[in-house]
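Under our numbering, the first residue of the sequence shown carries the number 491, and numbering increases by one thereafter.
Calculated from the structure, these hints are not laboratory results. We put the CB at the ideal spot given by N, CA and C, even for glycine. One thing to keep in mind: the hints can contain errors.
30 Å max Cα-Cα, derived DSS-like pairs, lysine-lysine [claimed, not checked]: (1) 631 to 612; (2) 552 to 584; (3) 637 to 615; (4) 615 to 526.
For each label pair, taking beta carbons as the anchor points, the in silico distance ranges come out as [stated by the list, open to error]: (5) 531 to 615: 17 to 27 Å; (6) 622 to 557: 29 to 39 Å; (7) 498 to 641: 15 to 25 Å; (8) 626 to 502: 16 to 26 Å; (9) 526 to 617: 22 to 32 Å; (10) 581 to 492: 30 to 40 Å; (11) 641 to 496: 19 to 29 Å.
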Amino acid sequence: MLRSFMDEDTADVVFEVEGQTDSTSTEDALSEHSMKFYAHKVVLQFCAEGSTLASLCAEYDKLTPVPISDIDPQVFRQMLYYVYGGTISAAEWKVHSKDLIDAADRYGVVNLKIEAEAWYVKHLKITVENVIDSLAFADEKNCFLLKEVATDFI
């Protein structure tokens, strides 16, 4: 399955993910900072079953990209790679685990969310300064492990 990741020839759905930009022109932002990700509906349906990611594809095809504007393209790529059976490197987990929790929660990729939360908690140093923010994030995203670690700190 991993061999078909980002295979433009066999893909039947395209995600167009807008990047983070400071540009004031929406047209310039789309042309300069959007990235296309090629995927297969069947992979998304079986490997991310019941997810928002899979259901987004229902009304789109390869000719009409699925617009995504609420996630960084690199984080979306990692999420899609994970869905295809890829392994995220330790360095990437350390840098993007909180963003991956957010993306996985938003798009319903449950296994990714659980694994990202474990990495996030492992590398997070709870302090007096960040405990409230950590609890709020844990509550918002239903991250029980993070909530437990933050609560234990209190």
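These are the hints, each one checked on the structure:
no.: 1; hint: 631 to 612; result: holds, 17 Å
no.: 2; hint: 552 to 584; result: violated, 33 Å
no.: 3; hint: 637 to 615; result: holds, 13 Å
no.: 4; hint: 615 to 526; result: violated, 35 Å
no.: 5; hint: 531 to 615: 17 to 27 Å; result: violated, 41 Å
no.: 6; hint: 622 to 557: 29 to 39 Å; result: holds, 34 Å
no.: 7; hint: 498 to 641: 15 to 25 Å; result: violated, 47 Å
no.: 8; hint: 626 to 502: 16 to 26 Å; result: violated, 39 Å
no.: 9; hint: 526 to 617: 22 to 32 Å; result: violated, 40 Å
no.: 10; hint: 581 to 492: 30 to 40 Å; result: violated, 19 Å
no.: 11; hint: 641 to 496: 19 to 29 Å; result: violated, 40 Å
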